[in-house]
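Peer 1: Residues in the sequence shown are numbered consecutively from 975, following my numbering.
Calculated from the structure, these hints are not laboratory results. Please note that the accuracy of each hint is not assured.
Said to hold, decoys possible - Straight line, CA to CA, 20 Å or less: simulated SDA-like cross-link-like pairs of lysine to any residue:
(1) Lys1034 to Met1150
(2) Lys1034 to Ala1004
(3) Lys1034 to Asp1123
As the structure is a computational prediction, the values presented were derived from the model and not from experiment.
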Amino acid sequence: MTTLTLQQAFDACQTNKTAWLNRKAELAAAEQEYQALLRDDNASSSRRLQSLRDRIDVKKWEVNQAAGRYIFSHEEVQRISIRNRLHDFIQQNGAELTAILAPELMGIKNQPTMLKSRALDRSVAYLREALSVWLAAGNEMNFSAQDNDILTAIGYRPDAPSRDDNREKFTPAQSMIYARRCAEMAAQ
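The whole structure should be built from the sequences, with the hints applied where relevant.
Peer 2: So this is what it looks like as structure tokens:
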């Protein structure tokens, strides 16, 4: 398993966003073609209408899948940034942090796994409470200086339309059917 760098994750996110937007444009074009064919009094080809309906169904599935990949890659950029900055923070402030949490963490090395887990859970609860108080005080938040450009470029959250496009869930069987139809359409 390879570890992605923040730049690689950012590039994948941008690629996935472009792919999602392209699939949306293809779907819109297919829907417009379908509507135009319906309005055309001379067009009585039910075979052509059915073909377009099938293409629209496949395009909807492709949009859904592309939106999911974009959302996942967006979250991956954020995860990598958070992990990297927390690692840096712990390298610089780990001794102080463990000193603060010492009443909970002292002697943890020699404890059974279950007790270690409980001590870490309580420590995380203390950190959550301290962070909650800090946020409630209205302190300003900014991206870390090292990752500011990348995080600003991808935005705070994935685009709302991408979440809408990814809302419908397909079973593995449905996905297999649509993937096969997609391949058939590409072969034609």
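Peer 1: Hints first: check each against the structure and report whether it holds.
Peer 2: Outcome of the hint check:
| no. | hint | verdict |
| --- | --- | --- |
| 1 | Lys1034 to Met1150 | 14 Å, holds |
| 2 | Lys1034 to Ala1004 | 10 Å, holds |
| 3 | Lys1034 to Asp1123 | 33 Å, violated |
In this structure, only the earlier hint numbered 3 is contradicted, and the remaining ones agree with it.
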